[in-house]
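Undergrad: Below are the chains, spelled out letter by letter.
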Amino acid sequence: MSIEVKNLHKRFGDFVALDDVTVSLPTGQLTALLGPSGGGKSTLLRIIAGLDSADEGSVTIEGAEATHLPPQKRNVGFVFQHYAVFKHMTVAKNVAFGLEIRKRPKAEIAERVDELLKLVHLSQFAHRLPSQLSGGQRQRMALARALAVEPSVLLLDEPFGALDAKVRKELRDWLRRLHDEVHVTTVFVTHDQEEALEVADEIVVINEGRVEQVGTPDQLYDSPANPFVMGFLGEVTDLGGVALRPHDIEVSVEPGPDTSVSGTVTRLLRVGFEVRVTVTADDGSQVLVVLTRTHARALDLAEGTRVWLAPARGATTIVAGPGRAEPELTRA
Amino acid sequence: MAATVVTADGPTRKRRSVRPGAMTRGSTLGLGIGMVWFSLLVLIPLGAVVVEASGGGLDTYRSIFTNSQTFNALKLTVGVSLLTTALNMVMGTIIAWVLVRDRFRGKAILDLVIDIPFAMPTIVAGLVLLALYGSQGPLGTEFENTRKAVFLAIAFVTLPFVVRTVQPVLEEMETDVEDAAASLGATRATTFRRIVLPTLVPAIFAGAALSFARGISEYGSLVLLSGNLPNQTEVTSFRVASILEGGNRPAAAALATVMLVVALIAIVALDVTQRRLARRG
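Sequence order for the protein chains is A and B.
Residues in the first sequence are numbered consecutively from 1, following this note's numbering.
Residues in the second sequence are numbered consecutively from 333, following this note's numbering.
Among these hints, one or two may not hold up.
[What the hints assert, rightly or not] Here are some, though not all, of the chain A residues that point toward chain B, as calculated from beta-carbon distances under 7 angstroms:
hint, residue
1, L51
2, S53
3, P71
4, F80
5, A84
6, F86
7, H88
8, F97
9, G98
10, P105
11, I109
12, Y221
[Claimed, not checked] Subject to a maximum C-alpha distance of 25 angstroms in a straight line, what follows is the list of computed SDA-like cross-link-like pairs (lysine to any residue):
hint, chain 1, residue 1, chain 2, residue 2
13, A, K73, A, K106
14, A, K87, B, R525
15, A, K87, B, L378
16, A, K93, B, V430
17, A, K106, B, T522
18, A, K169, A, S123
It should be emphasised that the hints constitute simulated quantities derived from the structure, not laboratory data.
No residue lacks a Cβ here, since even glycine has one placed at the ideal position from N, Cα and C.
For reference, chain A alone in the conformation it holds in the complex (with noise of 0.2 angstroms):
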């Protein structure tokens, strides 16, 4: 295990950031902890890294006790979501800053630099400054700058939180794809389960300062620990007292051997390729249904269509409680 995370607290105040977290990271992977704003995810890196320190408990990096060593002597590599440029300096002496602190010999620091421009595709900037790049090319120099250390764990705090969708995504796959050309221990924070599931080995879903549930994406999704996590991985409706996914509903015009509850469709919302419906079931509780858009115009679907409900073959379901997500938090 490269990260060994034992029984940390941490209180700002009354508020407590971290609630007992205990949590190993295993080497070579690209973990993602995941969780809703202000629950605590963004302090455990910065724990981890050494920006910040716990009130009680300890962490381990590759091995070596680090819970009290400054962040200079952690060899853990850090992006920030707002990218900590280095404004005054190019490009190349930003990725080069870790080195020259190092000592390292000139000819080899230039050499180092040149490499890793290339990894993040940006030698053709290496004499720019900071404020001429853009947000996403900002971030893959601060990310070149991190690695430049050869850092045995790379922890990113949000590391696309700030750009837009569209280079969000781009810089993720690149991401991905990064990790698995440099392998180096990877963490990032984020707060967008999509992210989290399309680019993470592993994730740690953190809430209120706990840990949730860990583990693969897949596990993550089919087998729910608990409610919240559930409804924080995705959108969640109640269908006869059990929790499932609205695409996971199937949908008749007939009643049918498996029907367990009948309805009227009371709203049908378009939102590109997917017909969002809203059932108003017999007994007045309101279910959400995703259908495809072809799929809603072979049933014919309007407002008023009577309709039945099932819950469709290997659907995770699980037993709605207390304490299940908001629908807003899971769009976050």
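Following the hints, put chain B in place on chain A, whose structure we already have.
TA: Quick look at chain B alone, frame taken from chain A:
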């Protein structure tokens, strides 16, 4: 908003779809009003002084450097101003740092008090300093009528400049940048020298230029303090006044012109140094 367009030749600034050299009516009017006001207030009077001075020919200027009393006043003024400016660059940065980065009781009050030397009538500033450092003061230091008093007075009135130029820059600086340097292995001292200081340099030097300009022109606070002793504590502004009282307007104007040139040289020199330093990283 101006957008930066990056081309193969390097970055070029593109102003919103206005051809280079072309000006809208509004901006022509704005420029016109601005220039007329600036000319009436500053350019024409300054020109008049230079013309007045040139009435006496080159000899008038020569007399400034050959008249030992005038030359001594000039040396003292420029010397003390340089010294206090250097001091302000260090002290001002420290005070700004404390005001922005540290938390302590009475910080808001200190932040308010910083401007007092700036807001107070300068003659009162002289009185204040006299009360503490004069022969009647509790410290027993007899600073009045000495060069120490000249230094003290100029340092007092120029204190806020660097503080007030550095403070907003420090406030805007993200601490992330320092964290980034730390995780790359830089000690606090290295981070300050290589990351923080280069960011502050333009502000420190802008404050220094203001401080120097204010220093060489100081008058009011010295009235009570310096004693105005020829060749000892007399500064140029007093020298100009006494030459004028003697009725030699061209000579006074010439000295004023020299001070103008000194101020210009200082401001240009500070700006050039600042640009050099800011480019190094």
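Undergrad: The structure should be examined with respect to each hint, and the outcome stated for every one.
TA: Status of the hints after comparison with the structure:
1. Here the hint on L51/A is kept, as its CB sits about 5 angstroms from the closest CB of chain B, short of 7 angstroms.
2. This hint is violated: S53/A has a C-beta 13 angstroms from the nearest C-beta of chain B, more than the 7 angstroms allowed.
3. For the restraint placing P71/A at the interface with chain B, the shortest Cβ-Cβ distance is roughly 4 angstroms, inside the 7 angstroms limit, so the hint holds.
4. Using the Cβ-Cβ criterion of 7 angstroms, the hint placing F80/A at the interface with chain B is satisfied: the shortest such distance is roughly 5 angstroms.
5. Taking 7 angstroms as the C-beta contact cut-off toward chain B, the hint placing A84/A at the interface holds, the least distance being around 4 angstroms.
6. The closest approach between the C-beta of F86/A and any C-beta of chain B is roughly 6 angstroms, which is under the 7 angstroms cut-off, so the hint is satisfied.
7. At its closest, the beta carbon of H88/A sits 5 angstroms from a beta carbon of chain B; the interface hint therefore holds under the 7 angstroms criterion.
8. Satisfaction of the interface hint for F97/A is found here, the shortest Cβ-Cβ separation to chain B being roughly 6 angstroms, below the 7 angstroms cut-off.
9. Because the closest C-beta pair between G98/A and chain B is about 4 angstroms apart, less than 7 angstroms, the hint holds.
10. The beta carbon of P105/A comes no nearer than 17 angstroms to any beta carbon in chain B, farther than 7 angstroms, and the hint placing it at the interface is violated.
11. Restraint check, I109/A versus chain B: the minimum CB separation of about 13 angstroms is more than 7 angstroms; hint violated.
12. With its C-beta approaching chain B no nearer than about 33 angstroms, Y221/A sits outside the 7 angstroms limit, and its interface hint is violated.
13. For a cut-off of 25 angstroms, the pair hint linking K73/A to K106/A stands: about 22 angstroms separates their Cα positions.
14. For the suggested pair K87/A and R525/B, the alpha carbons sit about 14 angstroms apart, so the restraint of at most 25 angstroms is met.
15. With a C-alpha separation of about 40 angstroms, the suggested pair K87/A and L378/B falls outside the 25 angstroms cut-off, and the hint is violated.
16. Under the criterion of a C-alpha separation no larger than 25 angstroms, the hint pairing K93/A with V430/B is inconsistent with the structure, at around 30 angstroms.
17. For a cut-off of 25 angstroms, the pair hint linking K106/A to T522/B stands: about 19 angstroms separates their Cα positions.
18. Between K169/A and S123/A the alpha-carbon distance is near 22 angstroms, which keeps this suggested pair within the 25 angstroms criterion.
Hint compliance for this structure: hints 2, 10, 11, 12, 15 and 16 are not met, and every other hint is.
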